[in-house]
Every structure is written in C-alpha cells, then in structure tokens.
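Q: Per numbering that gives the first Met the number 0, the sequence shown starts with residue 0, numbered consecutively.
Since the hints were made in silico from the structure, they are not lab data.
Beta-carbon label-pair distances, calculated as ranges:
(1) L82 to R54: 26 to 32 Å
(2) E72 to N31: 30 to 36 Å
(3) P49 to V86: 19 to 25 Å
(4) T28 to L56: 15 to 21 Å
(5) H65 to D44: 17 to 23 Å
(6) N31 to L82: 18 to 24 Å
Note that beta-carbon positions come from the ideal geometry of N, C-alpha and C, so glycine has one too.
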Amino acid sequence: MGGHFKSESGGQFERNLQPMSIFAFGSATRSNTNPNDIDLLIVYDEEWQPNVIRRLLSNIDYLPIHLIFMLREEQIETNFIELQKCVMLEFLQ
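Kindly produce the complete structure, drawing on both the sequences and the hints.
A: Structure (structure tokens):
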C-alpha cells in the first residue's frame, strides 16, 4: 500500500504509509461464504502506522472490520500470512 491518504478536510497526512502491507483473511477471502465482517492483517514497520489506520477506518460502521496489527518481524516469526491463507490487498495510487 503506498502513497498518502487524504483527510476529510482535503489535506494530506504528513506521513507516508509506506512501507506497510494489508492482507485480508478469514471468511471474506473464501468464495463460498457471505462474510459478516472483514478480517484485516496490517503488517507495518513504524510505530505510528497502526494509529493512522485506526483513524482512517473509525467512521466505517456498515460492516465490522477486525484489525490485527503485526510488526514485520512478528509476522515472519509467526508465519501468520501463510497459516491463515491471507490475501494481499492492492490499492490504486
């Protein structure tokens, strides 16, 4: 995921969200189910990144979003992406 996000006021966040990767997992990634929520794994490197993502998603209330944040090293140690069959999300810039 790259680039800057625009805030509601039209300004840009000062900090670039790279490098950060976002993955979907759980029922939302299975073609034979109708998910009631979206499970997202956010793999990050910088301490401030989870707070930015939480703020960006705080106004979404029409579908529950469950967030898991992991430092890149944590994900490597736990092998979460492979074990949960996560799907990387790509965003237009």
